[in-house]
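2 protein chains.
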Amino acid sequence: MTGHLNEQEIDNILQSQVICRLACCYRHVPYVVPLAYFYDGNALFMQSFDGMKLMIMRRNPRVCVQIDSIQGLKSWKSVLIQGHFQLLTGTAETTARERYFDKIYVLQNNPHIHGFGHEAAAEVIDPIRAKPHLFKISIQSISGRFEQMQ
Amino acid sequence: MTGHLNEQEIDNILQSQVICRLACCYRHVPYVVPLAYFYDGNALFMQSFDGMKLMIMRRNPRVCVQIDSIQGLKSWKSVLIQGHFQLLTGTAETTARERYFDKIYVLQNNPHIHGFGHEAAAEVIDPIRAKPHLFKISIQSISGRFEQMQ
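In order, the protein sequence lines correspond to chains X and P. Start counting the first sequence at 14; every next residue gets the next number (our numbering). Start counting the second sequence at 14; every next residue gets the next number (our numbering).
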């Protein structure tokens with residue numbers, strides 16, 4: 014069966030996942046990339062280097078974000094967000110970056126290094142982890158669908 | 014380390030995966046959905062009901078398709094395709110639909126029903142499996158990137 018996700022189910026997907034697909038477009042040409050995100054209950058936060066997606070979103074801030082949990086071709090949940098891009102600066106950027114890393118940081122470390130009793134766990138393995146731009150996607154509309162094999 | 018995938022690595026991703034994210038746009042509003050696809054070595058084939066994505070692609074056939082294999086936030090491969098939508102009809106549709114189902118059909122069946130010695134395995138469990146529209150995405154440009162934790 015297929016159907017629509019309710020508000021709680023949509024929230025569960027947004028809270029439990031870490032990768033979204035962010036789509037944007039400029040002059041009739043769409044662009045989509047996978048990206049880690051943090052959801053604070055109201056908006057999505059992501060970081061980026063300079064590049065194609067930032068260039069596009071600065072010119073056209075309308076975006077579409079898709080987040081899913083897929084167990085199989087007949088067993089999935091997918092959330093679709095129509096949103097608006099905003100580059101963060103100053104204290105808004107600092108606060109968002111801290112909250113972003115509270116969620117994402119631990120998932121980026123080498124799983125073979127255990128924090129307890131290993132000082133190496135506190136090292137930043139990848140020097141490019143913090144990307145120069147942090148942006149917010151405010152949510153204009155949101156919907157969710159699912160399919161579940163009987 | 015991060016880098017670009019070579020032609021063979023890109024082909025491996027396209028051949029081995031089954032879900033893509035298809036992005037399209039109309040009048041500055043992007044739209045992205047997850048979708049099963051079949052890759053014949055030259056183009057991608059997908060099926061769809063009537064709905065938002067078909068309405069958009071009929072008006073603006075420029076699409077962007079993203080296909081990935083993600084093991085973790087620091088271990089992933091992702092392929093990006095700029096392509097062109099074309100709705101198939103007649104024998105082109107029939108041929109593409111057969112090849113699509115050769116790949117996708119087996120993945121849509123209940124994994125708990127084994128084909129050998131069970132006639133039920135040949136039943137179509139979901140009557141809406143075949144969707145009314147089959148379309149082709151021809152590839153205008155393609156690129157791939159990867160990240161691999163050291």
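Among the hints, erroneous ones may be present.
To be verified - PhoX-like mimics (lysine-lysine), calculated; alpha carbons at most 20 Å apart, straight line:
1) X/LYS116 with X/LYS144
2) P/LYS87 with X/LYS87
3) P/LYS116 with P/LYS87
4) X/LYS144 with P/LYS116
5) X/LYS116 with X/LYS87
6) P/LYS87 with X/LYS116
7) X/LYS87 with P/LYS144
8) P/LYS116 with P/LYS144
Source of the hints: derived by calculation from the structure; they are not laboratory data.
**Asked** Which numbered hints does this structure break?
**Response** Of the numbered hints given earlier, those the structure breaks are 2, 3, 4 and 5, listed in rising order.
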